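Heads up: the protein sequence lines correspond to chains A and B, in order.
Each number in the numbering used here corresponds to the 1-based position in the first sequence with 1469 added.
Each number in the numbering used here corresponds to the 1-based position in the second sequence with 3 added.
No wet-lab data here; the hints were simulated from the structure.
All of these numbers come straight from a predicted model, not from anything done at the bench.
C-beta atoms are modelled at their ideal positions from N, C-alpha and C, and glycine is treated no differently.
Treat the hints with care, as some may be off.
[Said to hold, decoys possible] The calculated lysine-lysine pairs, modelled on DSS-like cross-linking and capped at a C-alpha distance of 25 angstroms, are:
1) B/39 to A/1567
2) B/56 to A/1567
3) A/1536 to A/1471
4) A/1511 to A/1567
5) B/56 to A/1471
6) B/43 to A/1567
7) B/43 to B/12
8) B/12 to A/1511
9) B/22 to B/41
10) A/1511 to B/44
11) B/56 to A/1511
12) B/39 to A/1471
13) A/1575 to B/41
14) B/39 to B/12
15) B/21 to B/39
16) B/44 to A/1567
17) B/12 to B/25
18) B/44 to A/1575
19) B/12 to B/41
20) B/56 to B/22
21) A/1525 to A/1536
22) A/1471 to B/43
23) B/56 to B/21
24) A/1567 to B/25
25) A/1575 to A/1525
26) A/1511 to B/43
27) B/25 to B/41
28) B/25 to B/44
29) A/1471 to B/44
30) B/39 to A/1511
31) A/1511 to B/22
32) A/1567 to B/41
33) B/39 to A/1575
34) B/39 to B/25
35) B/22 to B/39
36) B/43 to A/1575
37) A/1511 to B/25
[Claimed, not checked] Covered stretches of chain A (chain B as the covering partner; in silico rule of three or more C-beta atoms under 8 angstroms from a C-beta of chain B):
38) 1512-1526
39) 1548-1561
40) 1568-1577
Residues per chain, in single letters:
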Amino acid sequence: QKEVEQNSGPLSVPEGAIASLNCTYSDRGSQSFFWYRQYSGKSPELIMSIYSNGDKEDGRFTAQLNKASQYVSLLIRDSQPSDSATYLCAPKAGGYQKVTFGIGTKLQVIP
Amino acid sequence: DTEVTQTPKHLVMGMTNKKSLKCEQHMGHRAMYWYKQKAKKPPELMFVYSYEKLSINESVPSRFSPECPNSSLLNLHLHALQPEDSALYLCASSQDRTLGEQFFGPGTRLTVL
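Just chain A, same shape as in the assembly (with noise of 0.2 angstroms):
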């Protein structure tokens, strides 16, 4: 099993549609929970960090976290041609451990 699983995708959503992205992990260790997006030909840019169970918001993005399903997902709503890039999913164990990036989904906003 993988650390981190992700659907590559790629997702493809209309526009002001709500767009759902998931990730599962396997362990149980894990504490911290990052969203990172990546625009093709460029870097990782975190859009959300959440560490405990139910969701958060910001903006047009919820995070969400069921640690007892070891699930976290992400929704973005009002999806925009703007959001369609690769959504890493990376968890993170406690302590001093190394956080692991999923394949990520490659979501498309459709005008």
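Model the placement of chain B on the given structure of chain A, informed by the hints.
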């Protein structure tokens, strides 16, 4: 200053060349990272420096040699690389190594001929 800078943006080198990649941050971060990223793959951790000391080496071949001259600077020295080492090399920093909130530089696109 909230950015990580990397130079050069692009680098083409032969297998016998010696070159260096440079990374700089002025956010007061005490952890700095080198990643390698191939097309359609996630970033792959190479090295972690924490408080200017090498704390993680992910079994990287010795033809890659990291250096952290001070808390703001990180270098990656390259020697006798192979064509398969061609990739995007990313530098990142975080407040300290316990945190996963990493800030990435724009990367150096390396081509080995």
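- Hint by hint, which ones does this structure get wrong, listed from lowest number up? Hints 5 and 11 not satisfied by this model.
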